[in-house]
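Novice: Sequence:
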Amino acid sequence: MMEKVVLAGANGHGRHHLGNLRALAAQGLVELVGICDVRPVEVDFGTPLQSPDLGELIEKTGAEFTIICTPIHTHADLAVTTLRAGSHVLLEKPPAPSLEEHRRIAAAVEETGRALQVGFQSLGSAAVPALRELIASGALGTVRGIGGAGAWERPAAYFTRSAWAGRRRLNGVDVVDGALTNPFAHAVATALALTGSGVAGIETELYHANPIESDDTSCVRIRLDDGLTITVAVSLCAAERHEPYLVVHGDRGRATLVYTQDQLRVEHADGSVTTTVHERTGLLENLIDHVRTGAELLVPLARTEAFTEVLDAVRRAPEPLPIPERHQVVERDAAGQVVRRLLPGIAGLTARSADELALYSELDAPWSRVNLLAGGTEVASYEIRPDLPATDSPRPYLHRVRTLGGVEVTEVRPEDHVHHLGAGVAISDLGGVNFWGGRTYVKDQGPAWLDDHGTQRHRAFTRLDDDGFAEELEWVGPDGRVVAREERVVAARPVGDGAWALDFAFTLTNLTGAPVEVNSSATKGRAGAGYGGFFWRAPGTSTDRATLPGGEEAVHGSRDRWVALSGTDPDGRDWTLVFVQDDGDAWFVRNAEYPGVGQALAWDRPLVVDERLTRRVVTIVADGRLTAGQAAALAAQV
Numbered sequence: 001m002m003e004k005v006v007l008a009g010a011n012g013h014g015r016h017h018l019g020n021l022r023a024l025a026a027q028g029l030v031e032l033v034g035i036c037d038v039r040p041v042e043v044d045f046g047t048p049l050q051s052p053d054l055g056e057l058i059e060k061t062g063a064e065f066t067i068i069c070t071p072i073h074t075h076a077d078l079a080v081t082t083l084r085a086g087s088h089v090l091l092e093k094p095p096a097p098s099l100e101e102h103r104r105i106a107a108a109v110e111e112t113g114r115a116l117q118v119g120f121q122s123l124g125s126a127a128v129p130a131l132r133e134l135i136a137s138g139a140l141g142t143v144r145g146i147g148g149a150g151a152w153e154r155p156a157a158y159f160t161r162s163a164w165a166g167r168r169r170l171n172g173v174d175v176v177d178g179a180l181t182n183p184f185a186h187a188v189a190t191a192l193a194l195t196g197s198g199v200a201g202i203e204t205e206l207y208h209a210n211p212i213e214s215d216d217t218s219c220v221r222i223r224l225d226d227g228l229t230i231t232v233a234v235s236l237c238a239a240e241r242h243e244p245y246l247v248v249h250g251d252r253g254r255a256t257l258v259y260t261q262d263q264l265r266v267e268h269a270d271g272s273v274t275t276t277v278h279e280r281t282g283l284l285e286n287l288i289d290h291v292r293t294g295a296e297l298l299v300p301l302a303r304t305e306a307f308t309e310v311l312d313a314v315r316r317a318p319e320p321l322p323i324p325e326r327h328q329v330v331e332r333d334a335a336g337q338v339v340r341r342l343l344p345g346i347a348g349l350t351a352r353s354a355d356e357l358a359l360y361s362e363l364d365a366p367w368s369r370v371n372l373l374a375g376g377t378e379v380a381s382y383e384i385r386p387d388l389p390a391t392d393s394p395r396p397y398l399h400r401v402r403t404l405g406g407v408e409v410t411e412v413r414p415e416d417h418v419h420h421l422g423a424g425v426a427i428s429d430l431g432g433v434n435f436w437g438g439r440t441y442v443k444d445q446g447p448a449w450l451d452d453h454g455t456q457r458h459r460a461f462t463r464l465d466d467d468g469f470a471e472e473l474e475w476v477g478p479d480g481r482v483v484a485r486e487e488r489v490v491a492a493r494p495v496g497d498g499a500w501a502l503d504f505a506f507t508l509t510n511l512t513g514a515p516v517e518v519n520s521s522a523t524k525g526r527a528g529a530g531y532g533g534f535f536w537r538a539p540g541t542s543t544d545r546a547t548l549p550g551g552e553e554a555v556h557g558s559r560d561r562w563v564a565l566s567g568t569d570p571d572g573r574d575w576t577l578v579f580v581q582d583d584g585d586a587w588f589v590r591n592a593e594y595p596g597v598g599q600a601l602a603w604d605r606p607l608v609v610d611e612r613l614t615r616r617v618v619t620i621v622a623d624g625r626l627t628a629g630q631a632a633a634l635a636a637q638v
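If you read the sequence shown in UniProt numbering, its first letter stands for residue 1, the second for the next number, and so on.
Just so you know, these hints were derived from the structure itself, not from any lab. Zero decoy hints are in this set.
Calculated cross-link-like contacts (lysine to aspartate or glutamate; reagent style EDC-like; alpha-carbon spacing at most 20 Å):
no. : residue 1 : residue 2
1   : Lys-4     : Asp-37
2   : Lys-443   : Glu-517
3   : Lys-60    : Asp-37
4   : Lys-4     : Glu-31
5   : Lys-4     : Glu-59
Label pairs and their computed distance ranges (CB to CB):
no. : residue 1 : residue 2 : range
6   : Ala-302   : Leu-511   : 31 to 39 Å
7   : Arg-132   : Gly-375   : 50 to 58 Å
8   : Asn-171   : Thr-627   : 57 to 65 Å
9   : Ser-162   : Thr-274   : 41 to 49 Å
10  : Pro-344   : Ala-546   : 40 to 48 Å
11  : Glu-100   : Ala-546   : 56 to 64 Å
12  : Pro-344   : Ala-302   : 35 to 43 Å
13  : Arg-104   : Asp-53    : 19 to 27 Å
By construction, the Cβ of each residue, glycine as well, lies at the ideal position given by its N, Cα and C atoms.
Please put together the full structure from these sequences, using the hints given.
Specialist: Structure (structure tokens):
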């Protein structure tokens, strides 16, 4: 008996399904009775009815099986339509662009009683249960983790092949077409299939070399309930194709699964190696067998929910970071058009990730760091996702800021104030939330440890170049409520003779729905402690520190256009920082206790923010000790 099949989506990857259907039709197993596509499709076997209306097509043809191979963001609607029309489904991976949509499909499976198989072809391989049994038997000893690696080459045209290619969203709808979630989705799904544990936590690092919205180079670490760790690192920017694989690390052996070739290689504790190649069952054939005989479905939707949890983490993650062109090899045609973008050494980097179960940033990939250059000289690094305790009020910050001569002029987490983080924005009280870190000053009581610490969360770079960036952030309270949205613009540029300027501007947009107050310890009773706003922590190891245009008592609380701080590093090298602003805020200056300069947005009274707060500070970073006249001259240039 030939089973009637409808194919939804016959272009792109749908051509693979057409080839398979042709072979199965020749065997007398299936009859292609319908094609659902927005464009007419020529086929060289059968006479399928064609229509862009899938539900109507299933009804007219009486198809008992439907293959859905359409854009990711259409999967849920089409799967639900198909199930309710009475047809069993082979749904291409990834099954859905969000966990919510995945569960909507699952509800339709439960409601209709129809079968649905997800198109993770690698899970049709007998190598997967063989490796699963190898792990369970203890032959590899105690397994500490599973690593995955994949590096393919993709031309620039790959990312423009359709309207949804390389997109995270399309017309406001989630798509999530990234390297981890589409071309290398099998690596993640197969690794998860080797364990029977649930997902406890997910870390993502997403990057793109191509000018796309989504990631073309990315990695993920999945922590499972049983303590096992899965790390997968992939890229579409290799010079040539490298077959993706998974490696299981045990203390008595190691197993490598090249899932595209169904090849399993086992390195035993005694030094011997065995390699086997396994059979693979087609997922459409298995689906038909399941319906006909009750055979076990190889990839039921329920078994792919953990994968969709990972996809959902990618969907909710901050926007992928662009990889600057100085880290790429850009190939162009005779007309100057970009043909493809390569990341030198990326295949080796993905292999190291699989070996060490490490993320790109932990492997110190050069493009995983955000560095600033002034006139071609690297002068600062930017930490966007610091791993800090909640009591530090975690936030992005500039660190290892240095003069053109290489003298470091910032300090991070010094012993005297561990919540001081290089150069950035920190406010001790924004709407009752501590975005400064450390203890909170309580009126008539003094400093106290409260559960009121907030987090500044990086969301996206809207521009990222060697000389600066524009960034979007969220200021989140301890209860998860977003208090404010920030737009931050940072630039580095040469200024004067042998100095450079860090131009740091930020705009906070109040999202509380009512006027919000900026307070400080000073507004609560601690005289002179009006700190809050842009803040620069200089190295406490510096000696012979001095301030300009007067001593600490003169500049602290002043509203001059500029103030300066200078010192000598442990190697005897002098430095000077000149801080310039045009907003008229008081300066918060410390020198004797520790070296630090910043704004005092709430110097002696609360600052009420109705809608937006915008501020800008330019810091001139110079080698040597400047005189008041020299500092004033440089300040006049910005």
